[in-house]
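Enquirer: Two chains, each in its own frame: build the complex with the hints.
Chains A and B supply the protein sequences, listed in that same order. Going letter by letter, the first sequence gives residues 1 to 290 in the numbering used here. Going letter by letter, the second sequence gives residues 1 to 446 in the numbering used here.
No lab work stands behind these hints: they were computed from the structure. For glycine and all other residues, C-beta sits at the position ideal for the given N, C-alpha and C. Careful, some of the hints might be misleading.
[As the list claims (entries may be wrong)] Rough simulated footprint, nothing fancy, chain B against chain A, three-plus residues with beta-carbon under 8 Å:
hint	segment
1	46-58
2	120-132
3	138-146
4	155-162
5	255-268
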Amino acid sequence: MGNLRLIRQDRRFRPQQQTLGIIFIIPMVAFLLVFVVYPVLYNIFLSFTNARLIKKDYSFINFDNYKKIFTDLRFLTYVKNTVVWTVASVINRKSSGTGLRSFLLIPYVVPAVAIALVTKWVMNGDYGIISYWFQTLGLIEHRQSPLAIPGSAMAVLVIVNVWRSYPFPMLIYWATLKGIDKELYEAASVDGAGTIQSFLHITLPHLRDTTIVLVVLRIVWTATYFDLPWLITGGGPAGSTTHLPIMIYQASFGTFQTGYASSLSVILGLSLFLCVVFYVRKTISNDSGR
Amino acid sequence: MKKALVVLVLLMMMSTLVFAAGSKETAAEPAASKKIVIWTNLTADAQAKVLRKQFTEVAAEMGVEVEMVTISFNDMYTKLATAVESGNVPDIMHTNFAGTAYLYSQDIILNMDDVIDKIGKDDFISSYLHVLNAEGKTWGIPDWALHTSVWYRKDLFQEKGIKIPTDWAEFKAAAQKLNIDEDGDGKIDVYGFPVPLNAVQVAPQTYYEFLYSAGVTTFDPKTGKYTFGSQKKKAVEVTDYLIDLYKTVSPPSSIEWSWNEYRNALVEGTVAMTLDMGAVIGLAQNNNPEMVEKLGCFDLPGQFGNKPASFGSGYAFVVSNSGSATEIETKKEFIHRLYTSERAAERALSRPMFAFPSLYSALEIYKQSPSVALFQDQIATISDAFENSNWYWYGMEHGLSQMSSQIEATTFFGEALQSVALGMQTSVKAVDFIDQQLQEQISIIE
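So here's chain B without its partners, still in its complex pose (with noise of 0.2 Å):
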């Protein structure tokens, strides 16, 4: 009798091991339509702040329970790819537009058009709503998005007599004046332009800016084919100019440099000027409110000024098509509410000057809240290329592309990159291994 007990308890027990990861789907299935589950990868206190304040009070309203599970930017990829493969998606993804277009490939997302004409299509700006196009449709709700600016100083530019640069010839020459000896001790104190090239995100970040100023891109913006093997001594140009700039008014270190290292640069007054999407601004204020008001920004110049495209991106709200049609209903009433204007315009002002709302009406209420009263020539300028120039975010200069997702998730460009400006190899072969790679990733995806 004893033994038998023995036997049936380790029994239950071998069966509970074996059966466990089954026994847990089967329970995560009723948990899911009773709750939303939203993955943002905003995990900047104060953005992330202002999502959960606004989820926890549409639930409310909504009389459903939500659940924000906030994922870092670095993990993002790694995350999706494993709940892909695993079937485990979010209800609702808040992610930019690269994992916009990762989960669209992965056909795995509602088109939302029926939920943006409900907001107010005529509300948004188109050029929001056409990077999330693909197939004719909309895959995301564009919330904000953010273009990359040459941030400045001005009073430096005033006390060395320096003029806005209209071409690439005169930026390196701003850039040469602002490298600065502040103590006389033949030591550069004061960096003109720091070309951060940390391999992860950073690098290509930079470099595209400069692609995309010089009218290099991945993709034919009309036709979507893929333009960059046949630019290939323009993309050498550019990869010159850049490290030239990198060894004549870069501090040495920003071969490494990531987003935090070069803002906090500028913030602390170390180096001039900085490519950045606006985020020197919320950082100024908390660090070193005193340099907020010597910032400005202007659009990097084209190479010979006039200026094809300009980088950017957003952020969107993705719904997963798994469900009941009654649950993709909920989600997607659950979405129309974050989209008043007051919301839209809360959201982005998480973020000042980094966050662009995606409704006209919410940009008006952006424009008005103190936090950003200092900077509205910089936002009439932002706001002007988001509408008439053309801005894209690596990869996706034709719409929706997974190799943007491709590109943000790998470190060639920033392996090549940093080779050529450690002197171990040259632009051209850096140039002929990036295409190399690029095709290799067309090759992946198609």
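Bound conformation, chain A alone (with noise of 0.2 Å):
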């Protein structure tokens, strides 16, 4: 009897509860539809016009902004910087950390604009303590800077944002780690199993599903890694660390062209939708077919 009483209850409540419910959602709603819907609709209708900052007026110009795009022969360099420049960086972040987890958690709370600056300045040609290094080991020239070579100012982007983004993964697999039942360690051991089978078939199982959600979000947020890239080489030398977001940002404060920006930012959207659906898909099925 008291049951059916809390279950009439219940049904009483419902329909007050959803409106609650509705009405607290609502914010949020509201949120992300003035701050993500509509400016992501907005910035797809204006990759189809030839939009300007400094004119007010525009046309619509069907498919000229991705016709544009796709003969510009440095979208292709630039997209193979992008990958060079996402991929080395989310591989290279993959393994966890553990000791001296407060000294490596400082690079995750120093500026970006701080660490451009002393990477520039340690790796100045002149003064640079690295490039001294270099210099003296005959890696590169007398008075020549890391930053001012092709690849290798690729590489110093990608160590320093390596050692930049490093302590978030770092906590998420420390808290993961944490999370571990003990009892599970204890009965693999009783069962002979070692520290490496213990690791591949306890751990590493366990860390399936934050390494997803990790090499996603490392993947989304590298690919449109601003900061680092523009003050660190602002694109240099000779375009070869300019990525998509620069291009980016080169169409739409350099040359005004925010229509020509659209269409760009909705490739490296649709790119990495893409790529993630993929990466997850791909994931997800390996895992059931074991």
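Expert: Pasting the structure below:
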């Protein structure tokens, strides 16, 4: 009887709870509509126009912006740079760290501007300590800087980015590792499993979901990360570190072609979306196949 | 009752969220009439300090409130573009001539001929006014100008028996002689002449000084027609010469050098000459005073001696055309009061030998300052160049042009020149690429 009353009470309260629930989510929905959905749709709309920051009027030009992008030889170079930058940064960041956590957290709280200034300073061909070491070891010419050589400039960016963003996955992995039941290891030990076997069969499977999320987040964050490459190399030398975010920035605030910049960002957004979908599906299908 | 209260609170929160932007705009409106907002790109301490002092003095004289906002030069176009788009442009802007061209193209600034007349048009160095001219009107009041010269080590010239070069061949020979291995380890310790090619602004500044020296311009100074495309052969020669200098007399890392690097190199003694607008003097006075008296300057020679033009620019005050008639008058009066000879000289002297005042009367005060006492010959040379030679800022050969800001805000010059320096493409292809990009910029502007 008592249970029945409870159910009746639940039913009586549900419509009001729903209303209250809807009211609670309205601010977030409004926020998303204004700050996410509208800008994305407007961006897609702009990508089919010749809109420019310096002119108020614009007209539809169908797929002209996209044609221009795919006929620009530099675009392929910049896509290649974006892939190198993203993949190298993500792969190098997958390892997890434990000891000296406080020390390792430092790069995460240092502003990108400060990191960029220090990087340029230590890489300076005349007085930078790292350039000096490289010069002394004969790896680069006298009074040369790694930032002035195409391949090594990208390598420097990737290393700095890995160093800067290492703490985030480290913390997440650390939290996940702390959440693994110790009894599992004890049981495995009783069953005769060694450290490597425990790692392979207990630790790694527990880190799987975390790794998927981290890789997805890192692909998106790194491929769209603008600050460090722009502040350290400005996309140079000779465009060797120009990736799509720099290209988009140049199109928006260099030549003021908002329509063209929108098309580039649509392409970048779509590519990231496809990469993420592919990666997640591939990972899930691999797991279910096991 | 309680539920109704919850709903009411939530609705109020939502309306605050949704209409936040609108209410900010309405609130900003009356504030603008009370306070004059001035943007300046001069974030260098000494310059910003003098500007703030003068703005405060004039505001006190007029009984108005003033707010000075410093915008770094690298962020200028991003900020300006968003300000123009949102309609929140400052009342007064202290910016370079290219920035003035951008604001003019947006149709948001006033022509300042009446204020110039009130200050005294005859007291202005006429070439300064000419740069800010479009459609027969002057769109900003020139504050000071800068001129690119070759700053060099007088002691090393004397030691090596080098005379001031009169053409490009002599210039290269002098630079080669100044490649010095001080400790005999087979490595060059002092390079003759750095070719800084940082893609953000520095590469086009370096390139244009050489282009102008060889007679190549973006637009015809007289007709305003696009001319770079028809001068590509000459531009290739200039590119080859510049890259040759990079390979023979410039530190390898200078491909990425910006202003700080090449100025420091001269002041610290690791290069013997550099192109500069005179900022090396202030830097030497602060960081290496012993170097100050060793420095001199000469105009980069023309390719075969005769030099058609030099690279130069300056800063101006521009006034937004928004606001009531009274507000516009207040802004103009504010500017007028900044143009006493003493104040104009003080602003230029905040960066000695870099900034040259726009008023003759201010220049006289400037010359007598102890901070430039050692450089009377150089002041004479540069003042003469300002008055009697052609000098342009990239893209402004025919007066105010937005092309200038387009070149300033993009990196295609740097990218092209760096590619040639690194052997990734030929100078012919680089010049073709620059031509194509310039033409694209023109189509965007039009």
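Enquirer: For every hint, state whether the structure bears it out.
Expert: We went through each hint and held it up to the structure:
Against chain B, the segment 46-58 of chain A contributes 3 residues with a C-beta closer than 8 Å to a partner C-beta. That satisfies the three-residue criterion, and the hint holds. Remark: the segment 120-132 of chain A is confirmed as covered by chain B, as 4 of its residues place a Cβ nearer than 8 Å to a Cβ of that chain, reaching the required three. Counting residues of the segment 138-146 of chain A whose CB lies closer than 8 Å to any CB of chain B gives 5, which reaches the minimum of 3, so the coverage claim holds. A stretch counts as covered by a chain when three or more of its residues have a beta carbon under 8 Å from one of that chain; for the segment 155-162 of chain A and chain B the count is 0, and the coverage is violated.
For the segment 255-268 of chain A, the stated coverage by chain B holds: 3 residues have a C-beta nearer than 8 Å to a C-beta of that chain, and at least 3 were required.
Figure legend: structure checked against the earlier numbered hints; the only hint not met is number 4.
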